[in-house]
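There are 2 protein chains.
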Amino acid sequence: MAGRRLFQDIADKIAAMIAEGAFPPGSRLPGERELAEKLGVSRVTVREAAIALQARGMVRIKTGSGIYITDRAVETVDDLPAVSAFELTEARALFESEAAALAAPIISDSDLAKLNALLNDMSHDDADAEQATASDREFHMTIAAASGNRAIIHVVNTLWRMRTELSEVREAHASICHHDGMTRQDEHGAIVKALEEHDAKGARLAMRQHFGRLLEAMLDANEQQELIELQRKAAESRERFLMSSRMT
Amino acid sequence: MAGRRLFQDIADKIAAMIAEGAFPPGSRLPGERELAEKLGVSRVTVREAAIALQARGMVRIKTGSGIYITDRAVETVDDLPAVSAFELTEARALFESEAAALAAPIISDSDLAKLNALLNDMSHDDADAEQATASDREFHMTIAAASGNRAIIHVVNTLWRMRTELSEVREAHASICHHDGMTRQDEHGAIVKALEEHDAKGARLAMRQHFGRLLEAMLDANEQQELIELQRKAAESRERFLMSSRMT
DNA sequence: CTGGCCAACTGTTCTGACCAGTTGTCCATT
DNA sequence: AATGGACAACTGGTCAGAACAGTTGGCCAG
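If you read the protein sequences in the order shown, they are chains A and B. Take the first sequence: its position 196, counting from 1, is numbered 196 in the working numbering, and each next residue is one higher. Take the second sequence: its position 126, counting from 1, is numbered 126 in the working numbering, and each next residue is one higher.
None of these hints come from the bench; they were simulated from the model. Any given hint could be a false lead.
Given that identical chains are not distinguished, each listed pair holds provided it fits within a single copy or across any two copies.
[As the list claims (entries may be wrong)] As a list, the in silico DMTMM-like pairs of lysine to aspartate or glutamate whose alpha-carbon atoms are at most 20 Å apart:
| hint | residue 1 | residue 2 |
| --- | --- | --- |
| 1 | K62 | D136 |
| 2 | K201 | D111 |
| 3 | K13 | E138 |
| 4 | K193 | D109 |
| 5 | K114 | D186 |
| 6 | K62 | D121 |
| 7 | K62 | E138 |
| 8 | K62 | D9 |
Quick caveat: nothing in here was measured; it's all calculated off a predicted structure.
Kindly generate the complete structure, drawing on both the sequences and the hints.
Rendered as structure tokens:
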């Protein structure tokens, strides 16, 4: 087992079992002791995984009784609307680019130092998916915060919550996350460079390209998986996005 | 008989400490061993609390290094954050312009008809401020909906809620609403015209100018009311926004 | 001054034990 | 036969201590 946190691994495994329908909503999971033995880890680790799943809202722990699958294990989080991974990425491409452009002229040296530190983090612990996601979040939130506009910060934060709290979106990202090992690093670097030069236009462009590439990766993944009918729809969407991107 | 899990109790205590400023954002929490002793619980419990806090995004755990407080730790948990009217308008200028650009190529004839009808409404019942605000809301939401992107729709809706539900923002709008009698009508007309021509770039520009003018009206109102010190700050903000607007 | 090593941190996981709440059963009482 | 309570066999919750692994900073040889 590599550097990745064990309990998160276990949590994902259990989540996968639930998604496969091994345990219907409302039913009880096997006991901690049984799960621990079956998964080859200690009971403590199983419980940490259960806590993580409870935080995601997939599961509810009842002391003395058991761990129960929530009705809305695959459903939407009530606070957030149901959106597809594509819609979310498109929205982030547009909004976060503007946030970066607004931040560029006034970003502080300490924020720039923080971004560089995060850049370094992400190049190191890319083996740990969860940790990399946390770094990614902080990267984007730091840029949003540098805009000094609380409305923008709130929006960017909400969009990120959609990415992590909506199961459909999270799964879509997981399926293509291995794509962007090097390129993501380069893209993040380009964003930071533009911010360092206080170049609003450049920061907007770099951020837009960052999401644009992610969007294309998602569309490609879709095209491989889905029917021709859906392919055409995706192609149209891509064309539309690229058209709206052409802002020179 | 608390029934409540111990680690949640500990998590709340740590969160309270952070909120009180005992640990500034970015700093490191005491080690697990020290915290366990200080709070009178075992290390396992401290760890579970840390996992829960990390799930909330208040904290970030780095293996071998420590537990670090996130910048967002002191942020309000309330539905809507406290934002100024200026921040909100700036955010809307950026985001809704992009929404309009995205909607332009694909907006339907029925949506265009709806916008024209609203345009007509607003020219008539300008005496009734409440009605005019409702029409204004429908105007902007229709454009957002025409983008076909639910994430964007949600964001635009949230921004509008800030405008009406945050008292400070609502009052700020009320004080300058009489400014935009004719001009607003023209601006809305320009937006619809660009949408009718399916001109993404034109729609973005028209929407941006619409909010840009509102922004200038707010800044002017501010300058009349506030001290010289604040004037300078506002002027800087204006310059910054105008700079980021120059996207040709 | 630099490079590498080492020691003193940090979090991570495991083990095995005991505590506490829940639930179903089964028997004594009514 | 019906009811009520005690009990046993679960469940999760917490603990202490140990061993492991990654990070960091200082110290020393080059």
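Verification of the supplied hints:
Taking the shortest Cα distances, K62 and D136 sit within 20 Å of each other only across copies (14 Å), while inside one copy they are farther apart (34 Å). In this homomeric assembly, K201 and D111 come within 20 Å of each other (Cα to Cα) only inside a single copy, at 19 Å, whereas the closest approach across copies is 32 Å. Neither within a single protomer nor between protomers do K13 and E138 lie at most 20 Å apart by alpha-carbon distance, with minima of 26 Å and 24 Å respectively. In this assembly of identical chains, K193 and D109 lie within 20 Å of each other by CA distance solely inside one copy; the values are 12 Å within and 43 Å between copies.
With identical chains, the CA atoms of K114 and D186 are at most 20 Å apart within one copy only, with a shortest distance of 17 Å there and 45 Å across copies. Taking the closest pair of Cα atoms, K62 and D121 come within 20 Å of each other only across two copies (10 Å); inside a single copy the shortest separation is 38 Å, beyond that limit. In this homomeric assembly, K62 and E138 come within 20 Å of each other (Cα to Cα) only across copies, at 14 Å, whereas the closest approach inside a single copy is 33 Å. When the C-alpha separation of K62 and D9 is checked against a cutoff of 20 Å, the pair qualifies only between copies, where the shortest distance is 16 Å, while the shortest distance within a copy is 22 Å.
The structure does not agree with numbered hint 3 stated previously, though it agrees with all others.
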